[in-house]
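Q: Now for the letters of each chain:
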Amino acid sequence: MSRMPKMTISVPHEAAAGLTGTWRTFRPVVDRETCNHCGICAMFCPDAVIDPDTLEIDLVYCKGCGICSNECPKKCIKMVREEH
Amino acid sequence: MTEIPKEEMLLKCPSTCAGCGSLLALRYILKAAGKDTILVIPACCNSVIQGVYPYMLHTVPVYNIAFAAAAACASGMSEALRAKGEKTNVIVYAGDGGTADIGIQALSGALERGEDFLYICYDNEAYGNTGMQRSGATPLGAITTTTPNGKTVNKKDLDRIVEAHNLPYQATACSSYPADIYNKVKKALSIPGPKFIHILAPCPPGWRIPSEKTVEIGKMAVKSGIWVLWEKEYDKFTVSAPSRAAMKRPAPVGDYLKAQGRFRKVDEKTAAVIQANVDKNLKRIALEAAQSEETE
Amino acid sequence: MYEIRIHSRGGQGGVTAARMMASAAVKDGKFATACPFYGAERRGAPIVSFVRIDDAPVRIYSQINKPDMIVILDPTVMDTVNVLDGLKEGGSIFINTHEEVSFPKEFNVYKADLTGIALRENLVVAGSPILNTPVIGALAKLGLFSRESGVKAITETFADPRNTSAARAAYEEVIV
Amino acid sequence: MNELVMSTGNKAVAAAVKMAKPLVVPAYPITPQTEIIESIADYVEAGELKARYIPVESEHSAMTAAIGASITGVRVFTATSSHGLLYMHEMLHWAAGARLPIVMGQVNRTLAPGWNIWAEHSDALSQRDTGWLQVYVSTVQEAYDATLMAFRIAEDNRVLLPVMINMDGFLLSHIMQPFEMTEPGDFIPPLDLPHKIDVNDPKGYGAMSPANVHYQFRFDMEKCMRESRTVIKETEAEFAKRFGRSYAPVEEYFCDDADVIIIAMGTLGKEAEVAADLLRKEGIKAGVMRIRWFRPFPLDMNIKGKDLVVIDRDYSFGFGGVIAGEIQARYPDAKIASVIAGLGGQEVTYEDMAEFVRSRKMETEFWFGIPQEEQ
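Residue numbers (full-length UniProt numbering), protein chains in the order written: chain S, 1 to 84; chain L, 1 to 296; chain D, 1 to 176; chain P, 1 to 375.
It is possible that part of the hints are untrue.
What the hints assert, rightly or not - With a Cα cut of at most 25 angstroms, we get these calculated DSS-like pairs of lysine-lysine: (1) S:Lys-6 with P:Lys-223; (2) P:Lys-223 with L:Lys-84; (3) L:Lys-12 with P:Lys-223; (4) L:Lys-156 with L:Lys-84; (5) L:Lys-12 with S:Lys-78.
Just so you know, the hints here were simulated from the structure itself, not pulled from any lab data. Note that this is a predicted model, so its numbers are computed, not measured.
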């Protein structure tokens, strides 16, 4: 007879820590004209919210840290204050 | 250049602070390790950012364990898996407090016994999880909540302590150099026995830096030589590319200090001591690299 | 129940002697326990061990305060320890000695020169004559257990045949 | 019956461990337990036990490595004593909370200062709230049998809690008694840990556990602790059926018609039987209850209307003897004369115990060896 003990066992599930996009004060806005798709923004995003192919930023989860903006060699990502 | 897999092993999104260096490092550690991996995590920032029961964000098993206990837990796990004939990677991901302070006894024991696992210390130079109290890894001059006027003694040289165990593989890394992390983890996991990687992971709230500066500050650490990237495979000691470049003409460490709020109480005298420490360390590392090359 | 207290010095094998005594009694179909009293003493300090032999399982763990027999492996312990303490009236004493000894008349005294036997049999380890196997021969003679069981207890513990021949020599030497 | 072999309590535990075939044994030496792990290290070196012996650098790491190994679904054993057990304390809670069926040999020894290596139950009793099952044994045979049963009980899916086998330091760990080294056969079924770690079905263990559920996990431990009473009785019955030696959670000796019952654990509880024999010869109707399973605590002790002389080889400072206190709490009508005896190896004979009974003063506490005027 197999009985699973009740304890803190967790399974993988997106959003397990909530929708971290709500933490944001500043939102990254990409100037797609200037962007040369180097991918450095995606590489350095701690949260991996930038799609490595399309370089679309997932604003549901982006915490707005601004590393992408700071590291962009083209300086084509601006951090814009969120309006609520 | 190594092709780093696009697949992310962490689901969106761990509840680390915005701009977390340790999370950036973990992304690349898990990419290198792949699915056949178990993470062992002692009390640290990474023990609380995994999501809330009954869910988590990691797509590999995670075993959370007590603060002092990571290396011992990984020892038991690795021995059991190997006894069963399983090759699964066992990777400890621990902070500097859990490594250099409370966990050092278990770490030393595991390294001495030659246990087959990879221990990674992400070093944010204080007890970040509990709000930045000083640790043995906090550098000279840094303000923490328990060193309100700046730490008056040096950072513990964890790497030389670990080195004294004569591991098959040991390296340093920094979250600002993800490809370097990826390669070092790959290399480490290809070698049986105990492996150790020490990753400098800037912490925006703890270091009093804006969240967008995490990568930049890490690079400044390497460029000033206060943090040197190297690896040691058996007896072969190599300075990694970013530090090789930096060591030719290190940036003044003062710029690194000035960029962080935690060093705001460092006076000129202390700054000079820090610079002297850096110079001395760089000399030692250059010498070790040269000696290692000679014996090649 | 028959209770035996063994006096020896650390390193002389008193503990192993106690175990072999109990083991021999068990081979005879009895119940027995052997219980060393451990202290922080090191090699050379006087130590005591206890053996209890009974027809029923032994349920007593405390020390033996009123022994039926005392075994003195090293007579020099008598300088510092009152070995006769609590010995029952009519109780027995076995002592390893080559000299004349005198004990109060109410006790039955037996002796053999175990040290001499060990030296003759070349039963010496690290410079010390081994006493714990010859004493098994002596005690078999006193009827604590059968001669066969004593030999078995020795051979299970020590492979070297010098041990059993020393025990046989002691068996012969004791006068009952 | 197999041939009887002479063995110390320590070696009997090691022999039972060899029969149970754990795959991992992390261990650290401490007097008077060391002989257990030395024997196991010998078995492993000789290839008689196919296990990984991990010579850890501390007891904290011994229990932690046991946890790390156990969660992979393998059978794990370790052993300790006294300060070693206390050094494990944090991880004892962890092992139980992580629901890992680790089995541990525990040799009861007192605590410093000053240095003292002799028997006392304070080490294990101060771990009573960790969620470990605790059994106290009184003979070499029982040490062997209880160790075999411990694996089966711990690993039963209705329990999944660790088990500690307690034996008195030196008095039992180092005594030599004849015992039967029974081959357990299939008495211990293969371990099937329902929550074992699996890279093909990744799960997180022990992350943030919110306040609105955490208590449920603790209740599940208690539920299984309660259920373990049934599992223990079933296991002991099955053991008796297969091997002919029967045990109960509380061993009774002439209790039915007794006016006064000595209650104790470990070797004191066994030697108390000799005290009862002595008292009965004097016309005092005495009996003995030897508590074997202290956790889960026995709830069906037949003590109504009898004088109880409870001997505690332990003490809870500012409260009283631990066993006396627990009996009083669970049986509010119990009439107890509490005796504190045997601390730090203090010599207590069956004659002393008989005297505790003769001179008992109900509802008082008596420290053996302390002059009456100081008590």
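Q: State for each hint whether it applies.
A: Hint by hint, here is what the structure shows:
1. S:Lys-6 with P:Lys-223: holds (10 angstroms)
2. P:Lys-223 with L:Lys-84: Violated: P:Lys-223 and L:Lys-84 sit about 32 angstroms apart, past 25 angstroms.
3. L:Lys-12 with P:Lys-223: violated (36 angstroms)
4. L:Lys-156 with L:Lys-84: Violated, at about 38 angstroms.
5. L:Lys-12 with S:Lys-78: holds (23 angstroms)
Hints 2, 3 and 4, counting from the list given before, are not met by this structure.
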